[in-house]
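Going by the numbering used here, the letters in the sequence shown line up with residues 60 to 391, in that order.
Please note: incorrect hints may appear among the correct ones.
As the list claims (entries may be wrong) - Straight-line Cα separation of at most 20 Å, SDA-like style, residue types lysine to any residue; simulated pairs:
(1) K330 <-> H340
(2) K330 <-> C297
(3) K64 <-> A87
(4) K64 <-> R96
To be verified - Derived CB-CB ranges, DEER-like:
(5) T333 <-> C129: 40 to 50 Å
(6) G296 <-> R177: 25 to 35 Å
(7) E94 <-> T188: 41 to 51 Å
Quick caveat, the hints were computed from the structure, so don't treat them as lab data. No residue lacks a Cβ here, since even glycine has one placed at the ideal position from N, Cα and C.
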Amino acid sequence: GRITKGQVQVITDAGDVVPTHRRAEFEAEAIVQCEGRTPNRLRPILQLLAERFTDRTFTERHQDAAAARCVRVFPGRDGMCDVVATVPTVIGDGILDRLTQQAQTVIDARDPEDGDERGIDAVRADVLTDLLLAGTPALDPTATGDQPGTLGAIRAQVQVVVPALTLVGAEEGPADLVGRSPIDADTARCLAAQSPSLTRLLTDPVRGSVIAIDAYRPAWSQRRFLRARDQHCRFPGCRRAAIRCEIDHALGGPTTLGNLAHLCQRHHSMKQFTRWRVRQHPGGVLEWTSPLGRTYREDAPMPPVTFTPATPPASTRGVLRTRPVLTPPGVE
60 GRITKGQVQV ITDAGDVVPT HRRAEFEAEA IVQCEGRTPN RLRPILQLLA
110 ERFTDRTFTE RHQDAAAARC VRVFPGRDGM CDVVATVPTV IGDGILDRLT
160 QQAQTVIDAR DPEDGDERGI DAVRADVLTD LLLAGTPALD PTATGDQPGT
210 LGAIRAQVQV VVPALTLVGA EEGPADLVGR SPIDADTARC LAAQSPSLTR
260 LLTDPVRGSV IAIDAYRPAW SQRRFLRARD QHCRFPGCRR AAIRCEIDHA
310 LGGPTTLGNL AHLCQRHHSM KQFTRWRVRQ HPGGVLEWTS PLGRTYREDA
360 PMPPVTFTPA TPPASTRGVL RTRPVLTPPG VE
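Make the full structure from the sequences, and use the hints.
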């Protein structure tokens, strides 16, 4: 009765990479992580936890898996089909992000009198088709004509958390594609090399909680801190990455770190226009109250890669660990 059926499935899936002789040890630690977490929140935590019990590094396994990348077409009904591309996670996440940005641009630019009633899923599919077959995506890929594409300048954005030792090559531990899954160390270092800026986090060495960030760009300091702390939408169960969310005031009034949190557009609107209420407690802890009066505690997510010293320090002051976070181009 300690864990739910959904949490059991997450433990089972994450433990697939753990050798049999270490499975019991992994499951014991995984059960501890289940407390107070939904399956969606639990999944990336256990995926990273499992790496501590594997015989092969994540990078080695990723190289083997990437060698099998492919594109397949599965026939469907009514003249349709499914086009499935098996690619590295960071590439797939970037593909979806770019398609979403381009599709939203199409939707925002269309004239209501044109009769274009396509939803964002249909527009994403049309933009993907136009990119692959023509290479010059237009605002309306289904329209005829020879006007040049107008969406090519949009670039994908991904948010990645990279341990400092992985970044400098001292370790091969995985990085974290926020809101998705681990990524291999080589890909993380490649992204870091191409990123125009990094955000350095200082974290508690035992608990892993974010204590502070650097102030390289003071005008963005609050946004950068909140993105680092929240990682994703802070509504219970939502995993939409912070770079795709809005910053919300828990209560009207001061624009302070203790009154701000990331919410996706859907849950931001729900908080504004329904009877859902939220209070923010110290440490970025959110207490949500549903219209029925039920309360849900939403802790700030821990950085995905942590360690426990052999001898816990008497005080955490001055004993901090750094974790760079990639800041994608054009994201504030």
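Hint check:
About 17 Å separates the Cα atoms of K330 and H340, which keeps this hinted pair within 20 Å; it holds. This hinted pair checks out: K330 and C297 have alpha carbons roughly 14 Å apart, not beyond 20 Å. For the given pair, K64 sits about 16 Å from A87 by alpha-carbon distance, which is consistent with the 20 Å threshold. Pair hint K64 plus R96 holds up; C-alpha atoms about 13 Å apart against a cutoff of 20 Å.
At about 44 Å, the beta-carbon gap between T333 and C129 stays in the expected band of 40 to 50 Å. The beta-carbon spacing between G296 and R177, approximately 29 Å, falls within the hinted interval of 25 to 35 Å. The supplied range of 41 to 51 Å is met by E94 and T188, whose beta-carbon atoms lie about 45 Å from each other.
Violated hints are absent here; each numbered hint is respected by the structure.
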